[in-house]
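> What follows is each chain in one-letter form.
Number of protein chains: 2
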Amino acid sequence: MKVVKLSPTGKLYVEVCLTPALLPLYNINDSIVVVIDIFRATSSICYGIDNGATAIIPVSEVEECAAYHGTDHLLAAERDGKVVEGFDFGNSPFSYVPEKVAGRTVVLTTTNGTHAIHLSKMAKQIVIGSFFNLTALCDYLISKKHNVLLVCAGWKNKFNLEDTIFAGAVVHQLNGASYKLDDSSIAAEDLYLLAKDDLRGYLKKTSHGERLKLLGIEADIDFCLNVDITTAIPVLEGDRLVKLI
Amino acid sequence: MKVVKLSPTGKLYVEVCLTPALLPLYNINDSIVVVIDIFRATSSICYGIDNGATAIIPVSEVEECAAYHGTDHLLAAERDGKVVEGFDFGNSPFSYVPEKVAGRTVVLTTTNGTHAIHLSKMAKQIVIGSFFNLTALCDYLISKKHNVLLVCAGWKNKFNLEDTIFAGAVVHQLNGASYKLDDSSIAAEDLYLLAKDDLRGYLKKTSHGERLKLLGIEADIDFCLNVDITTAIPVLEGDRLVKLI
Chain A
1 MKVVKLSPTG
11 KLYVEVCLTP
21 ALLPLYNIND
31 SIVVVIDIFR
41 ATSSICYGID
51 NGATAIIPVS
61 EVEECAAYHG
71 TDHLLAAERD
81 GKVVEGFDFG
91 NSPFSYVPEK
101 VAGRTVVLTT
111 TNGTHAIHLS
121 KMAKQIVIGS
131 FFNLTALCDY
141 LISKKHNVLL
151 VCAGWKNKFN
161 LEDTIFAGAV
171 VHQLNGASYK
181 LDDSSIAAED
191 LYLLAKDDLR
201 GYLKKTSHGE
211 RLKLLGIEAD
221 IDFCLNVDIT
231 TAIPVLEGDR
241 LVKLI
Chain B
1001 MKVVKLSPTG
1011 KLYVEVCLTP
1021 ALLPLYNIND
1031 SIVVVIDIFR
1041 ATSSICYGID
1051 NGATAIIPVS
1061 EVEECAAYHG
1071 TDHLLAAERD
1081 GKVVEGFDFG
1091 NSPFSYVPEK
1101 VAGRTVVLTT
1111 TNGTHAIHLS
1121 KMAKQIVIGS
1131 FFNLTALCDY
1141 LISKKHNVLL
1151 VCAGWKNKFN
1161 LEDTIFAGAV
1171 VHQLNGASYK
1181 LDDSSIAAED
1191 LYLLAKDDLR
1201 GYLKKTSHGE
1211 RLKLLGIEAD
1221 IDFCLNVDIT
1231 TAIPVLEGDR
1241 LVKLI
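Residue numbers (the numbering used here), protein chains in the order written: chain A, 1 to 245; chain B, 1001 to 1245.
Source of the hints: derived by calculation from the structure; they are not laboratory data. All values reported here derive from a predicted model rather than from experimental measurement. What you were told as hints is all true, and nothing was included just to trick you.
Here are the simulated lysine-lysine pairs, BS3-like style, with alpha carbons at most 30 Å apart:
#	chain 1	residue 1	chain 2	residue 2
1	A	180	B	1213
2	B	1156	A	180
3	B	1156	A	11
4	A	180	B	1082
5	A	145	B	1156
6	A	100	A	243
7	B	1145	B	1011
8	B	1196	B	1011
9	B	1204	A	145
10	A	205	B	1205
11	B	1196	A	196
12	B	1180	A	213
13	B	1145	A	156
14	A	121	A	156
15	B	1180	A	204
16	B	1204	A	196
17	B	1205	A	5
18	B	1100	B	1213
19	A	156	A	124
20	B	1082	A	11
21	B	1005	A	82
22	B	1213	B	1082
23	B	1145	A	205
24	B	1213	A	5
25	B	1205	A	144
26	A	11	B	1213
27	A	205	B	1196
28	A	196	A	145
29	A	180	A	5
30	B	1205	A	124
31	A	205	B	1005
32	B	1121	A	156
33	A	156	B	1011
34	A	11	B	1205
35	A	124	A	145
36	A	121	A	11
Only chain A is shown next, with the shape it has when bound in the complex (with noise of 0.2 Å):
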């Protein structure tokens, strides 16, 4: 059995990668991975998992993506924030409904939470993050007795505030636990402590609520931040994210 790498206190590692041009300075095999993009890449996979879809596949091209057409898969496709034409829909929480996922398997290319995923390829395991399944989550990462890499997708290899609220979230949850933290956990759970009162109202202020609210789609970044409303942890296994059992 493999010992996992503690730190020098001995207790274990919980570390914020804060955006994906970060992710070569972590020990990511020795790591199970949280990716994050709150605003909407994987809300939208965690509602969509816990809505039954069968399967998420998530590709980093739209070229990819397109591949899949003449399928019985829903293709699912964003850049810049839109739908890019010619696809069934983008990432959009709304998509993700029972009546359009259950028993579906969905293939989701997305600006930057599906790079995200990719990049994490070698972690020891690789789950998906949001507001939705926070607790679900940090429950099973703590049963796990693991080393935790929370890899935020931020926007364009920028750090965003939604996706290190987010981390902070589950460091907060995990730091009970006694985990190690570095300078971006410690960082990023004071951020999430400074907002957790008005997830909405701290967020307003952030780059990127403004360009999707110029998108037109506050009604998702609003839904995008309810807290603990799905359990369903999507895991990937070969090239699928699907739901842990």
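Position chain B against the provided structure of chain A, taking the given hints into account.
Then chain B, alone, in the frame of chain A:
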């Protein structure tokens, strides 16, 4: 005269690059870059220039620094928090007192700070920030009416709290002059506001603080958190940091 690029709301930008690894994402040639390495390179540079050093020449590699052997320059080299064997000193601020550096040129290489300076070379102007010259620096930046990019040197390309907190202190002073903030400058300012009433207490929990404590340089750390004890602003002219006139 070159027109400064403004944000869509007509404001100047103040952005925070949380680690040098993210520099390629920023439009640095349109910005005044402030390089920040609080523990300890940029604190010591500010202190040395304020204490009468003629110039400080930042070099990336120990070998480049060694190449100045035989000149009348002082040679300073630090790696992993320690003075490199064979050099006059490293980056402890206590080595940059008037008795040692007044009227002298120092050639300096450090693990993070001088690296960040070199990566920023394409900037419109590079100035050096630390808590020592906080208010003088902010007054200068506001007077310039230009976009500002705060570059945190971090630790081996990872995010660190002390550089981010200082960036937040700058954002806080500039924010009053109505700059447009990005997500990382919002986060940095909020973390600074959390930390400002007890900088030493807040930073005790950081990874780098622990690392430096192991190296027995707590006195350096404590000293680097003194606010507004100098007014000199080191500016890069050619390959030399000199006092801005």
